[in-house]
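With the hints as constraints, model all of the structure from the sequences given.
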Amino acid sequence: ELKVEQNPLFLSMQEGKNYTIYCNYSTTSDRLYWYRQDPGKSLESLFVLLSNGAVKQEGRLMASLDTKARLSTLHITAAVHDLSATYFCAVDMGYSGAGSYQLTFGKGTKLSVIP
Amino acid sequence: DGGITQSPKYLFRKEGQNVTLSCEQNLNHDAMYWYRQDPGQGLRLIYYSQIVNDFQKGDIAEGYSVSREKKESFPLTVTSAQKNPTAFYLCASSIGAGGVTQYFGPGTRLTVL
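Protein chains in written order, with the working numbering: chain A, 1 to 115; chain B, 116 to 228.
Just so you know, the hints here were simulated from the structure itself, not pulled from any lab data. It is possible that some hints are incorrect.
[As the list claims (entries may be wrong)] In silico EDC-like links for lysine to aspartate or glutamate, alpha-carbon gap of 20 angstroms or less:
(1) B:Lys-124 with A:Asp-38
(2) B:Lys-124 with B:Glu-187
(3) A:Lys-3 with B:Asp-153
(4) B:Lys-124 with A:Glu-44
(5) A:Lys-110 with B:Asp-153
(6) A:Lys-41 with B:Asp-153
(7) A:Lys-41 with B:Glu-139
(8) A:Lys-107 with B:Asp-174
(9) A:Lys-110 with A:Asp-38
(10) A:Lys-41 with A:Asp-82
(11) A:Lys-107 with B:Asp-153
(12) B:Lys-198 with B:Glu-177
From a predicted model like this one, the values you see are computed outputs, not experimental measurements.
Okay, here's the thing in C-alpha cells:
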C-alpha cells in the first residue's frame with residue numbers, strides 16, 4: 001500500500017521568509033503532483049513532476065523530485081500572504097492493472113503567511 | 116469555457132436517504148474520478164472511470180455507486196449504506212492515464228442531518 005507523508009502539517013511563517021514543505025512516499029514512483037487548495041474551494045494544479053531530478057518553478061514556488069530518496073520538496077521563497085493555503089502532494093501509483101491510474105494524496109500542509 | 120461542474124454545491128440529506136451528486140465535464144477527457152475529503156485530511160479515491168460504461172472501485176467504495184453512460188458525465192450516488200457520508204466530495208477528470216494532471220471540479224459539500 002502506497003503511503004504519502006507530508007511535513008509539516010501546519011506551517012506559520014512571516015512574509016519575506018523562505019521555507020520548504022516535504023513529501024515522502026513509500027513505494028517506487030516517478031510521478032508526483034502538487035496541488036493548492038484555498039479554504040472551502042477545490043484543488044488547483046501547481047506542478048507535475050515526471051522524472052527523477054525534475055524541477056519546476058512558478059513565481060515564489062519551486063518543486064523538485066528525487067525518486068531515489070522518494071522525496072519531493074516544495075520550496076517557498078520570500079513568502080507573501082497570498083500564498084496562504086493548504087498544499088497537497090499526490091503520488092501516481094502507475095498502471096494499477098485496471099486500466100487507470102490512481103493518485104494517493106498526502107494529508108496536506110496548511111500554510112499561513114503572517115504579515 | 117471548458118471545465119468541470121458539480122452540483123449541487125451544498126446538499127443536505129436525512130439519514131436513510133440516497134442522494135446523487137452530479138459531475139459534468141466538457142474537456143473531452145476520457146478519465147473521471149470521485150474523491151472524498153474529510154476535515155484536515157487528504158483526498159481519498161471512491162471510484163474512477165477510464166472509459167464509458169466502465170468504472171473501478173477506489174479505496175473507499177463501500178456505500179457509494181456510480182455510472183458512466185456518457186463520456187462527459189460521472190454521477191455519484193451516496194447510498195444509505197454509507198455510515199458517515201458527511202464530507203466534501205470532489206470530482207476530477209484527466210485526458211487519460213498516467214503522468215497527466217487531474218483537474219478538479221468545485222466540489223459538493225454533503226451534510227447528513
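- Task: Kindly indicate which numbered hints from before are broken by the structure, ordering the numbers from low to high.
- Result: none
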